[in-house]
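Given the sequences, and given the hints that come with them, work out the whole structure.
Residue numbers (our numbering), protein chains in the order written: chain B, 869 to 1112; chain H, 869 to 1112; chain D, 869 to 1112; chain R, 869 to 1112.
Derived from the structure by calculation, the hints contain no laboratory data.
Mixed in with the good hints, there may be bad ones.
If several chains are the same, the list does not tell them apart, and a pair holds so long as it fits within one copy or across any two.
20 Å max Cα-Cα, derived SDA-like pairs, lysine to any residue [said to hold, decoys possible]:
#1 1111 with 1094
#2 1017 with 963
#3 973 with 929
#4 1003 with 1076
#5 936 with 978
#6 973 with 998
#7 875 with 947
#8 1004 with 1089
#9 1003 with 1109
#10 1003 with 946
#11 1017 with 964
#12 1001 with 971
#13 973 with 937
#14 1093 with 897
#15 1004 with 970
#16 1004 with 1083
#17 1111 with 1019
#18 1001 with 1046
#19 948 with 970
#20 1004 with 1062
#21 936 with 979
#22 1109 with 1002
#23 948 with 908
#24 1109 with 1045
#25 1003 with 874
#26 936 with 976
#27 896 with 913
Here's the letter readout for the chains.
4 protein chains.
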Amino acid sequence: MSTNAAKIAIVAGVGPGTGASVAQAFAKEGYAVALLARRTESLKPVEDSIKSAGGIAASFPTDVSDEKSVQAAFAGVAEKLPGAVEVAIFNASAGFVRKPFLELKTHDMERSLSVSSVGAFLFAQAALREMVKHKKGTLIFTGATASTKGSAQMAAFAPAKFATRALAQSLAREFGPQNIHVAHAIIDGIIDTPTTRQWMPDLFKEEGTYLDPIDIADAYVALHKQNPSCWSQEIDLRPAKEKW
Amino acid sequence: MSTNAAKIAIVAGVGPGTGASVAQAFAKEGYAVALLARRTESLKPVEDSIKSAGGIAASFPTDVSDEKSVQAAFAGVAEKLPGAVEVAIFNASAGFVRKPFLELKTHDMERSLSVSSVGAFLFAQAALREMVKHKKGTLIFTGATASTKGSAQMAAFAPAKFATRALAQSLAREFGPQNIHVAHAIIDGIIDTPTTRQWMPDLFKEEGTYLDPIDIADAYVALHKQNPSCWSQEIDLRPAKEKW
Amino acid sequence: MSTNAAKIAIVAGVGPGTGASVAQAFAKEGYAVALLARRTESLKPVEDSIKSAGGIAASFPTDVSDEKSVQAAFAGVAEKLPGAVEVAIFNASAGFVRKPFLELKTHDMERSLSVSSVGAFLFAQAALREMVKHKKGTLIFTGATASTKGSAQMAAFAPAKFATRALAQSLAREFGPQNIHVAHAIIDGIIDTPTTRQWMPDLFKEEGTYLDPIDIADAYVALHKQNPSCWSQEIDLRPAKEKW
Amino acid sequence: MSTNAAKIAIVAGVGPGTGASVAQAFAKEGYAVALLARRTESLKPVEDSIKSAGGIAASFPTDVSDEKSVQAAFAGVAEKLPGAVEVAIFNASAGFVRKPFLELKTHDMERSLSVSSVGAFLFAQAALREMVKHKKGTLIFTGATASTKGSAQMAAFAPAKFATRALAQSLAREFGPQNIHVAHAIIDGIIDTPTTRQWMPDLFKEEGTYLDPIDIADAYVALHKQNPSCWSQEIDLRPAKEKW
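The following block contains the structure:
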């Protein structure tokens, strides 16, 4: 692992699942990794794991739905980490909500949008401002099953995920010609995290029924490595045995 | 035109285009029509036109992005208009925004979402609370080209329209089995309004190049008249000569 | 019902379900109806029902997958029925096939394509040759759930239905500017026919769980009546209680 | 490059573009590569290039639309190449057709379907019969812009490409749970081949405007290397500067 990284990967939404694995994967690729999450306790174990493997990482507690907080994080990145921002991963989510529509509070909708839509917007703007300077970069948004299907009782979650997908498409069309790769990954299945293992222990008895976050991270690295002749704007990622 | 309407159609987003025509069309079908828009001056001419044609209409200045304002409007409807809410049309929009992404303000994104996503949510909740009482109703959302395609420079508009579409899908799946028809209409083209006529006068020299709001209104009435054996959840509406 | 029809509707795929209802609906609208199906015994009862209601109809046993047969049918229509071809409905299907992929015969695939793809092509060409003469007309293709989703064990049926949908899209884009309305209807559910009633009697115990072909026919007539300012290229039709 | 390959990759549709590059890429990964194309002269240069780089390859002139020809090819593979069929790439196409609909011959439609639909079916069946024996394998179909959009004058090409996509989806859903990865790649742009260079020399003056077949091949290898926890069923591949 190179420790003289002159290039930076920023990951928003670092928790014990996809965010951690993506951060670790880009660290292994030689990137100095900036870790963003709302809570410090989500960041510390990931920062430690990267550092103890010889990589460079720094933590930036951030509320992605808050413009000032996002700006402060990117200012902190410029100050604390060496090199240019080349990779930015938006993996933040306000959390899954499934509820009968008439039981949803306005707050449920607003919170969902504030992260997946406004947060994605703020993060993308800050990242792209850096990337256009060097005419280079990869910006990836994490999507979900709900990015393309509005299922029953998903009226707070699906609109926010649809919105993220629209943002990714629009940015891909605007920034592709500027040599910046914008992609959207539809994660269609249950990701292996401490939380999902607790929720549905039976699911994890068999292989091919859940997504390993390490494999998601590999897919993100592969997206980043694509040449500009041949970029994927949207990929789906799904366990072999998933029903869809 | 029946003036003893015992059933109500509520139209949010009443201006001189689709909103006015939809309101007039349902008035002709015998509905007492509740007109919602942010500005009183948008409402008055439509209310007058319906009344002078012998119909029933009442105006409710409303900010659909504000929970209290929406609740007040529905309370006003219950007070001033006879009958049950059977039709609800969400036609509100924060207005079209096309701008290079890095020039967009956070406010552009938030405003767009506050109407098309939070507003659609609040309006739908208020309307469905009424409709579930009678196990009957039609709820239609007006979409746009940007509901399914995130074009360049549309990063504030498209996410909000994608979100509305997701909401419509989710509600259709939840409330269809309760005999409430939720539909989404993708308006793919320029609608004939005083504003668009001013913007692009050349477009209106030829027929089949723009959408007549009266025809959009007819399509909405046709959606409402579909039997529960055979509902459309999504239709597109497009002028014959549109490129798409 | 007008018996001096100077305009013709041609319906391919006339059986006891959608085809019959569509034919009867256009007869009621004053069209002389040309009935096409492979087997004469499918045609006769529909022809009789239209005539006994005072309408005009003629039967043309046709194999839509055979160029000569389709040409003969259209020649027969010109000879036997008065007026111009204004409506053409492609409702033919080689029949539903659901089977493990490795058990499918090449013949299953070929048969499916020969009707839904080659047949749709031949029928559309013959109909459009007539419609371009008068710069007017409506051409509707009947689709299915399998038009947009390739489910497991549907490897012979879904490709053919996807193909029909592509054809409809391509023709809509080419012939819309010539004032010919090309539409595709996704029938997403079980249609009420003698066969489906026999297969799944329980489904028909409750309303809103199956599609009434009379309602499908109404939707087709509504598509035909849309003004060129405001055409639907694709609609879905689904029972209120369908899971999707 | 390993020359003791015990695993086979079969590529159908080997020409000087994607087919050649995909074959060479899997040869580099240590696969014995079976090359299928209609014309021997398409195969020989690719076979030679792989062999001269130390790889294993064998040519099988095949008409993929002909059941016997496909069976003979797979029998030949079993006879001439060592190991099990682990990778199968369907890259064959009847060739691009863009023509006003009323000028298309039935033959244009039939030819297009015979390769992209019947051919894809026959090839997939032969490949999957091998893969299910070992409960392992990757089957990739090459799609195009016309796989998801039926443009004007594409009425012979788009239906066939839609059909291939439906087949890929159906097979993914049926064979994913059997540990066989079925994917569909939408190639959305002009691929760099001798033919396209001749057609539009100006396009190739700038980078990021066309697809390099070597990069497409890399994307196919990446799909094959995905773990079953995290498979992509559909990816798009597009040059950075493509308008879409």
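Looking at the structure, which of the earlier hints fail to hold?
3, 19 and 20
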